[in-house]
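Visitor: As a plain string of letters, each chain reads:
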Amino acid sequence: MTLMLVAGSAEMLVALVMVLVVAGSLAFHFLSPWRATPIASNWGFIDDTVALTFWITTAGFVAVVLFMAYCLYRFRHQPGRRAAYEPENQKLEAWLAIVTTIGVVLLLAPGLLVWGQYITAPEGAMEVEAVGVQWNWSFRLPGADKTLGASDVRLVDGANPLGVSPSDPRGRDDLIVADGELHLPLGKPVKMLLRSLDVLHDFYVPQIRAKMDLVPGLVSYLWFTPTKIGRYEILCAAYCGVGHPQMRGTLIVDEEADYAKWLSAQQSFKQSRKSDKGGEKSASNE
Amino acid sequence: MTDLTGRTEDAAPPAEVPEMELFHAHSFLTKYVFCQDAKVIAIQYAGTAIAIGLVALVLSWVIRIQLAFPGAVALIDAKAYYQAVTMHGMIMVVYMLTAIFLGGFGNYLIPLMVGARDMVFPFVNMLSYWVYLLATLVLAASYFAPGGPSGAGWTLYPPQSILTGTPGYDYGIVMMLASLVLFIVGFTMGGLNYVVTVLQARTRGMTLMRMPLTVWGIFAAAVMALLAFPGLFVACVMLLLDRTLGTSFFMPAIVEFGEHKAYVGGSPILFQHLFWFFGHPEVYIVALPAFGIVSDLISVHARKNIFGYRMMVWAIIAIGVLSMVVWGHHMYVSGMDPLFGFFFAVTTLAIAVPTALKVYNWVITLWRADIRFTTPMLFALGFLVTFVNGGLTGLYLGNVIVDVPLSKTLFVVAHFHMVMGIAPVLVIFGAIYHWYPKITGRMMDETLGKVHFWITFLGAYAIFFPMHYLGVLGVPRRFYELGETAFIPDSAHLLNVSITVIALVVGFAQAIFFYNLFASLKRGKPAGGNPWRAASLEWQTPETPPGHGNWGDEPPIVYRWAYAYSVPGAPEDYIPQNEPPIRGEHSS
Chain U
148 MTLMLVAGSA EMLVALVMVL VVAGSLAFHF LSPWRATPIA SNWGFIDDTV
198 ALTFWITTAG FVAVVLFMAY CLYRFRHQPG RRAAYEPENQ KLEAWLAIVT
248 TIGVVLLLAP GLLVWGQYIT APEGAMEVEA VGVQWNWSFR LPGADKTLGA
298 SDVRLVDGAN PLGVSPSDPR GRDDLIVADG ELHLPLGKPV KMLLRSLDVL
348 HDFYVPQIRA KMDLVPGLVS YLWFTPTKIG RYEILCAAYC GVGHPQMRGT
398 LIVDEEADYA KWLSAQQSFK QSRKSDKGGE KSASNE
Chain V
226 MTDLTGRTED AAPPAEVPEM ELFHAHSFLT KYVFCQDAKV IAIQYAGTAI
276 AIGLVALVLS WVIRIQLAFP GAVALIDAKA YYQAVTMHGM IMVVYMLTAI
326 FLGGFGNYLI PLMVGARDMV FPFVNMLSYW VYLLATLVLA ASYFAPGGPS
376 GAGWTLYPPQ SILTGTPGYD YGIVMMLASL VLFIVGFTMG GLNYVVTVLQ
426 ARTRGMTLMR MPLTVWGIFA AAVMALLAFP GLFVACVMLL LDRTLGTSFF
476 MPAIVEFGEH KAYVGGSPIL FQHLFWFFGH PEVYIVALPA FGIVSDLISV
526 HARKNIFGYR MMVWAIIAIG VLSMVVWGHH MYVSGMDPLF GFFFAVTTLA
576 IAVPTALKVY NWVITLWRAD IRFTTPMLFA LGFLVTFVNG GLTGLYLGNV
626 IVDVPLSKTL FVVAHFHMVM GIAPVLVIFG AIYHWYPKIT GRMMDETLGK
676 VHFWITFLGA YAIFFPMHYL GVLGVPRRFY ELGETAFIPD SAHLLNVSIT
726 VIALVVGFAQ AIFFYNLFAS LKRGKPAGGN PWRAASLEWQ TPETPPGHGN
776 WGDEPPIVYR WAYAYSVPGA PEDYIPQNEP PIRGEHSS
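Protein chains in written order, with our numbering: chain U, 148 to 433; chain V, 226 to 813.
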């Protein structure tokens with residue numbers, strides 16, 4: 148008799164544990180200190196879609212697991228019980244399909260709208276190039292002509308680490324930033340043109356939210372508007388060999404005046420070619 | 226339609242194909258080694274898959290120890306870490322999960338569940354296993370080759386994967402690619418068998434819509450695999466040519482460490498398309514058999530028919546079809562044409578609908594059921610929780626813009642481990658506890674089984690649920706050490722340590738399972754032919770374990786579907802599929 152009671156309550160425990168899994172997961176979510184970094188770009192919409200997804204999926208998770216737990220408690224085997232026989236219920240199945248479809252559309256519609264914005268850089272956004280090589284970041288900013296010159300990986304050598312085309316006049320005033328530190332002015336939309344000279348890399352600044360691979364052989368892009376002054380780490384998010392975690396850069400968002408000061412201190416492509424002519428200064432990454 | 230509710234007249238049409246001729250083994254070698262009996266091939270497949278899976282388990286400890294205690298073990302450096310990650314991923318997805326569900330459960334269950342005497346091409350079936358074994362050995366051997374196995378990441382993305390700076394450049398990557406090519410050759414032989422057997426060798430009365438969902442799941446997965454693996458096949462062959470002959474299928478002009486390479490004009494993104502054209506269906510090649518099996522476990526142990534059987538079948542087919550057109554969601558930030566994002570987000574979220582319907586039908590099956598908390602049932606319930614959790618986080622990653630901040634972080638790692646690591650592995654355990662009595666004639670120990678379940682289920686949940694939050698924080702995956710990173714607080718390192726400790730405990734706890742598995746061979750309670758009182762055909766064999774040819778003199782005749790549980794008016798709470806109609810059984 149006692150044995151049966153123990154066995155019976157052990158079975159009720161299964162339902163209880165399932166409830167605790169839900170309660171524990173919710174508690175973990177609300178108590179967790181691990182949250183998204185404070186946002187420093189215009190991509191608040193991305194955070195909003197994440198939040199919307201959280202609420203809809205959490206409702207689904209809680210409802211399904213609690214319903215399951217209730218069934219486990221209510222319909223556990225007891226002497227004399229026999230299950231009902233109900234092969235299907237088309238009305239119920241149709242309703243569930245409709246409700247689920249509505250939930251999915253609620254997630255998808257805003258998601259696609261924001262994606263549309265994400266891939267459409269605003270007219271007149273400043274173009275800045277980020278170049279990845281194992282395992283550091285370089286940058287190229289347009290000079291007075293506001294245009295970047297042509298480039299080709301086959302032109303890369305010690306004196307021309309980014310492969311800028313010397314025959315393209317638009318490239319002569321391009322500013323070459325080889326120390327991995329990029330400054331951007333606050334509040335101005337930036338279109339980052341992404342280029343890799345060797346393997347896949349990925350331009351990743353958690354606080355900016357945007358992310359995109361650098362692929363050798365093509366130029367990819369992402370855009371954002373920095374909204375908070377500060378210093379942010381640039382990471383590589385696409386596996387690029389044993390030095391992958393050490394591939395770091397720095398993004399510094401400045402007031403306009405500080406930015407202009409930094410900009411004026413950068414060397415142009417033409418200057419860098421001149422200063423390299425004599426010496427054996429190598430800009431390769433060994 | 227009325228068929229579902231047990232209507233039985235004219236239910237057993239004449240057989241469409243004549244009885245097959247069986248190959249009869251005469252020596253030990255042909256009976257147990259080069260055997261053509263699907264049941265033996267199934268054990269060989271499953272045994273090999275579990276063995277190589279244990280290697281992957283040990284590799285996961287290497288990964289976890291390095292992440293929690295970077296630099297603490299001198300043997301684990303960046304190279305060893307990336308080799309472990311690469312091998313762990315590839316082994317688990319291809320050599321373990323695919324092989325055990327299709328080669329293991331497919332071989333054992335398809336003939337028995339459809340009332341066939343064996344697979345239709347027994348010799349090819351045998352060959353399939355031996356080629357698979359060879360593929361597995363080639364892969365494992367790369368650990369002993371100079372330079373070790375490839376450390377290219379399990380997705381093997383070029384250019385990185387075939388450049389000199391990648392661990393395993395000399396032999397590892399070549400052996401990996403050769404092994405995959407072999408695996409696909411072996412799988413194709415088995416896959417054709419599974420498909421043709423289901424279509425051609427069903428016994429009298431076993432209509433498609435009377436098949437257990439296990440067979441439906443494995444059948445659909447085999448069809449998908451036959452369509453998807455060729456994508457991986459060509460990707461591997463071309464990458465092998467790029468690596469060995471210097472062709473430029475996937476390799477554009479690049480400069481590696483200041484040295485101009487001879488490649489020109491290839492496309493790294495093309496490789497990604499080919500890889501994921503295989504890689505995403507692959508998720509469902511693993512998931513669909515698990516869906517099928519779990520449907521049967523729930524139904525048997527809840528003593529209730531699976532709810533909405535026809536919906537379950539159509540959902541499997543819909544998922545199978547849709548899963549062939551969602552691969553681009555692995556590439557939202559790959560640099561491919563961003564307009565693809567719209568298309569793949571729509572297809573990916575559309576697949577959530579049939580998947581959700583399956584989940585609803587599983588839990589509704591529990592409604593007004595008569596639930597027995599056996600070990601297989603517990604594992605099925607564990608699957609439900611982890612699959613729902615992991616499936617829902619898929620809605621983050623599938624919805625293109627939501628994927629942007631989360632992609633390439635630990636959120637992705639947590640998501641796919643929950644949904645296609647833990648969930649299917651729980652089903653594998655449940656299935657082993659469930660069918661072990663049929664395979665061996667003995668029961669596994671229930672108490673040990675339950676201890677094994679609770680440690681594995683709660684432990685795995687405690688490993689992967691919190692990991693999502695490291696991803697939300699922004700911690701990237703594929704970092705062998707986080708180093709000094711301003712946005713990652715110390716508490717995140719603490720969480721990493723906790724995950725590692727739990728992973729070690731859960732890993733070692735699998736010893737309970739293996740002890741149970743082997744000890745029960747001798748000491749398990751004799752099971753009888755049908756210990757769970759199940760209705761599907763594999764439990765109705767004249768002998769247990771089933772003999773060569775499965776059915777003695779006469780193959781069974783099937784009169785009803787596989788889910789006649791608790792039918793009103795029936796004397797027992799189940800009616801086997803092959804039991805002739807009981808008077809007054811049908812009421813239309």
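Hints listed in this document are in silico derivations from the structure and should not be mistaken for laboratory results.
Treat the hints loosely; a few may be bogus.
Just some of the chain V residues that point at chain U, by a computed CB distance under 7 Å [unchecked claim]: (1) Tyr257; (2) Val298; (3) Leu300; (4) Pro384; (5) Gly533; (6) Gly566; (7) Val627; (8) Arg758; (9) Ser791; (10) Gly794.
Glycine included, C-beta positions come from ideal geometry on N, C-alpha and C.
Visitor: None of the hints should be skipped; say for each whether it holds.
Guide: Structure-based check of each hint:
{"no.": "1", "hint": "Tyr257", "result": "40 Å, violated"}
{"no.": "2", "hint": "Val298", "result": "17 Å, violated"}
{"no.": "3", "hint": "Leu300", "result": "15 Å, violated"}
{"no.": "4", "hint": "Pro384", "result": "5 Å, holds"}
{"no.": "5", "hint": "Gly533", "result": "5 Å, holds"}
{"no.": "6", "hint": "Gly566", "result": "5 Å, holds"}
{"no.": "7", "hint": "Val627", "result": "5 Å, holds"}
{"no.": "8", "hint": "Arg758", "result": "12 Å, violated"}
{"no.": "9", "hint": "Ser791", "result": "4 Å, holds"}
{"no.": "10", "hint": "Gly794", "result": "10 Å, violated"}
In this structure, the hints that do not hold are numbers 1, 2, 3, 8, 10, in rising order.
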